[in-house]
Amino acid sequence: MKKKWICLVLLGILTGCTPTAEQPPVVPEEQPNIEVNIEEQQNTTPAIQDEGAVLEAFETLVQDSVEPKELDAFLKKHMSNLGIEAANQALVYYLDALYAFAGHEDARLLDKSYQASLKEIADPVVTLQAIEALGNEALYETAARLYGNGLSIELESNIYVVTVDFENLLKTYGNEIGEDIKSYIELEAMILKTHTQDKTLDGLNHIAQLIVAHDTYLKDFPNSMVRAKVHARRDWLRRLYFGSDLNFSETADSDSRPLWQSFSDVNQFYPGTELEKMTQRYMSMWHVESTVTPGILDTFIQFYETGFEASQIALNEREISGGHVYPELTGLTKSSDINLSIEEEVRKLIQVYEAPEMKEWKILQSYEVAYLDEERYSVIITMNLVHPRFPRLSMRDIKAMTYDLESGQLLKLVDLLPTEEESVVHLLADVNAFAAPEGLGFKGLEENFENAYQTTEGIVIYTQRKDTGSDATELLIPNNEIETWIEE
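FYI, in the working numbering the residues of the sequence shown are 1494 to 1981.
Hints are supplied without guarantee of correctness; some may be wrong.
[Said to hold, decoys possible] Straight-line distance between alpha carbons at most 27 angstroms, and here's what the computed BS3-like set of lysine-lysine pairs gives:
| hint | residue 1 | residue 2 |
| --- | --- | --- |
| 1 | Lys1827 | Lys1722 |
| 2 | Lys1905 | Lys1841 |
| 3 | Lys1852 | Lys1841 |
| 4 | Lys1664 | Lys1722 |
In case anyone wonders, no lab produced these hints; they're calculated from the structure.
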């Protein structure tokens, strides 16, 4: 992190008042101690001793959207009464509030007149004094508010943006928080330090570096309270990297394609990492001249950890007719049976809407893989139908399936439910009771009920489209709900 950020914040604090602000009244000589007494009285306000009360009070301040400088003052006063876990939580609250404030002010800073004025500053380091010298009073007031709240202004990609002083944040609170949150702050600094561009080789390599850093964090701190945030950011970076529009080109050879060059760099500089293994798998599945559609790309990225990495499953994509595609498995004993079954289901679904009376309809078919591990595989085929002259008649239909990878068998609802722990009769009754309030018409569910599939969150049962203008409906039965049925 650049050392200049500390100087910027210190300078912002020292010069944070506007030039027109009133000076403090002069204290008469006969009352020399009044101001000191007031200050002492303020300092004697006792800090909140109870850890839970501190967090509750701080969370209330965050929800009330007070400025970061007020949150900072509260933390400095009460942080010593917090244990590591509570201090971690408080700082995550603070950082989220700081982001929200910075985002709002960043939008304000994009004003054309502000940007034009800032470009008059010759020094690459934007100080509050330099902004004051511009003579743009409105800009100065905005900047003074930023610097006074621990933020600063920096030139990035020809645009002046609000930046967070992460180094000063660690200097102030680093001794109060755990290693996982300190590393999280360093990770945030790393990703916000430069703009993530996927248009050049350098930009792609920077994204690769960020992916490796996020993977490392998830490995080093598996129980971190910010794990979900880091995981989501890592997945976004993966999509940005593997989904770069510099991936494939019909005219360019492999040596001139930045993404494939970046793949080589990843294999060279990050051996043994998750990204290197993922890159090797990706390159082996699709040759350099191939094209990869968004459906298969998302599937590859989303289920790499649970499926591809942990097994010999390979996922490809096959077009059957008219641009209609479905995911295809390879590397499994029963994969050919599963592929034929999915292809047949896709064909049947498409044939329903290729009748002469529907020739004017626009049919958009897609799929997604909803669940994939070493034992089961789920795919949802979606049909979106739109009538160009009567858009209100548009509708959505689905066909979803879960397969057992060892046997190749299509699993029905009874196969997805934990019947080894509870009777079929009781479980089906529980499903009926759960579905009844939703009014989805799942009456009389039987063991051969097929309109069900499995996801990582639970089991989904669905009804297909019934008539023109209606959509297929889905109902998720969460895993914890099913566990409750078993425990009762």
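Enumerated hints in conflict with the structure, sorted upward: Number 1 only.
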